[in-house]
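Following the hints, complete the assembly by docking chain D onto the known chain W.
2 protein chains.
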Amino acid sequence: MKKIFFTPGPSQIFPTIPKHLKEALRKDILSLSHRSSRFKKIFYKTVDDLRQLLNIPKSHHIFFLSSGTEVMERVIENCVEKHSFHFVNGGFSQRFFETAIELKKVPFRHQVAWGDGFDFDKVEINKKTELICVTQNETSTGVALDKKDIVLLKKNHPDKLLAVDIVSSAPYVNIDYSFADLVFFSVQKGFGLPAGLAVLIVSPEAIEKSKYLINKGVNVGSYHNFINLLKYADKGQTPETPNVLAIYLLGQVIKDMFKLGIRNIRKAIEKKANILYNFFEESNLYRPFIKQSRFRSKTVIVVEVKNGSSNIIKKLTNKGYIVGNGYQKFKDKQIRIANFPAHSLASVKQLLVYFKKYERQKNL
Amino acid sequence: MKKIFFTPGPSQIFPTIPKHLKEALRKDILSLSHRSSRFKKIFYKTVDDLRQLLNIPKSHHIFFLSSGTEVMERVIENCVEKHSFHFVNGGFSQRFFETAIELKKVPFRHQVAWGDGFDFDKVEINKKTELICVTQNETSTGVALDKKDIVLLKKNHPDKLLAVDIVSSAPYVNIDYSFADLVFFSVQKGFGLPAGLAVLIVSPEAIEKSKYLINKGVNVGSYHNFINLLKYADKGQTPETPNVLAIYLLGQVIKDMFKLGIRNIRKAIEKKANILYNFFEESNLYRPFIKQSRFRSKTVIVVEVKNGSSNIIKKLTNKGYIVGNGYQKFKDKQIRIANFPAHSLASVKQLLVYFKKYERQKNL
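So the sequences go chain by chain: W and D.
Counting from 1, position 110 in the first sequence corresponds to residue 110 in full-length UniProt numbering; the numbering is continuous, with no gaps.
Counting from 1, position 91 in the second sequence corresponds to residue 91 in full-length UniProt numbering; the numbering is continuous, with no gaps.
Heads up, some of the hints might be wrong.
Copies of one chain are not kept apart here, so a pair can be met inside one copy or by any two copies together.
[Unchecked claim] Here are the simulated lysine-lysine pairs, DSSO-like style, with alpha carbons at most 30 Å apart:
(1) Lys2 - Lys41
(2) Lys271 - Lys357
(3) Lys19 - Lys41
(4) Lys349 - Lys2
(5) Lys291 - Lys147
(6) Lys267 - Lys319
(7) Lys155 - Lys216
(8) Lys45 - Lys331
(9) Lys3 - Lys235
(10) Lys154 - Lys291
Just so you know, the hints here were simulated from the structure itself, not pulled from any lab data.
None of these values were measured; they are calculated from a predicted model.
Isolated chain W, as found in the complex (with noise of 0.2 Å):
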């Protein structure tokens, strides 16, 4: 039985990719040397067309990471001397803030409950923060941050760095990349990419920030700090050898994007999440885990079932339909469905119909 998957990363694939390693072996870019003029073409290639797909200006630098877990690591290191403040509600933002403690800096953090937003002017930054982080979609909890209120942020604090996770989220958020100094998402999600790759966007003040701390002595990492990875970007390449692969179809992706139109691919994203929060707002058996709807991702939707989530989940794996168990604490509570440009109007449509059916057992 075919499968389709709806977890919310690794996902389901972009339906091109079996074209694309198919080619990829016929090109020998798996064999392909990480410090190759050929190489070289493709890095160029994906940074020049991934910065017009996601409108990132030309200031803006672009690495290629290994995890977003990797990330949250490297901004850490090379953007905080001390302090950074982490806006916390869920796992993923919770993640971000350990690791600064990890990393031996002394980071402030604004917490809420799982499941909560932000009403961000509300909430006091310290004045020696040096960055702000937020995850503006939460992977754990399906809970996602306005744009416009990220831009505020930054035009509010000025004088601080900002990180921005949209690992759930691109390409389907349109964030404006002007107003962030780091923003980075995984492949496995919304690009459709088997995992093993992140890209950071980085802005010309984080590079001054890595720099101030190298110059001050601070330890910012080695062979993935900020100065190594730029200086080996402008020669379309990374320190160490990369998953090559996988940068590859993110640039087989990207033109398959182009073709679709991002318009087009954000759209469909709106309709199909929509269908899904109507169908679960109406439900008795199902709910929407985030009360307030202008907090609801449209790309990791979170549901809540009476009773428990397991058995449910159990079934709709029969049917071929997999769909991602709650986070954490949330594991036997909740259902998590990915809503990514791979996902099909009709595979939406017939998961509905196992959801319905389930409900309409559970009523009996």
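Using the frame of chain W, we list chain D on its own:
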């Protein structure tokens, strides 16, 4: 034209890779969650099989990281408070040393000319040394250190940890893991996989050192510190979303290697290495870069070409035989030829036919 890659990594893929990739697509490996029970099975099986293939003792832990370069960083972070000691004779042993400096340690170095080996017992190792770092197989120059000398090095310094870089000699080199505390390699070399994964093998003593440093308040990194890696490895996982596909492919290639037999694989490499070195020894145009035959790597064979290597490299490329150029300062003087399990005897012989041809043309 079908190309054959004799580059020292990324290199020729193992012949079964296309088949395994097809299977991975069919089995939905590209969508597989790194927290699923299916992934855990793949993780445990790959680790168990690798342990058996390389004869790694049960006491030692096996971790998956993203590159050999990352491993150098993690090894220094987790095992050195102040002083590591580095035997430097090429680009990668030098990088290991520089990693320690970048991470604000105070490393010692015993340096010889690129291409030379070491007589370990003639080198005085500073008493304050916590970790000794040796590059068993220098990918930059093709120097290989004898596995018996490495065992003696540990026997003579039992109070110090020992790190051994076998990035480009695994699985050929049959080292005694019970005498090493940290051993690592990348999969895009001897295992013939696409790049983007490294394996680190860690002794209980190295884990203890990491714990000791954590308790002392030393920064040992965040998600990839040894204690965190161990916590996840014990449950068949990695802290971050890893390169799932590469872990799967590694498991499949190990199975293939069982079928061939590791002894046969090693014998075949020695046979090809002898053919190559014998040819270059007798040539008037080419000669092995490493003068002392006891230090000649069997897996990365480095050759000097009178009047420069660029022209011959181009001619070989035109025939579909892609060899590596010299490393950095030797770029246009040398040729690096990988001799991995994926390289057939027939292709090595054909490569030599072309080498002979260009020698004849040159002599005319």
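List of violated hint numbers, smallest to largest = As far as the earlier hints go, not one is violated by this structure.
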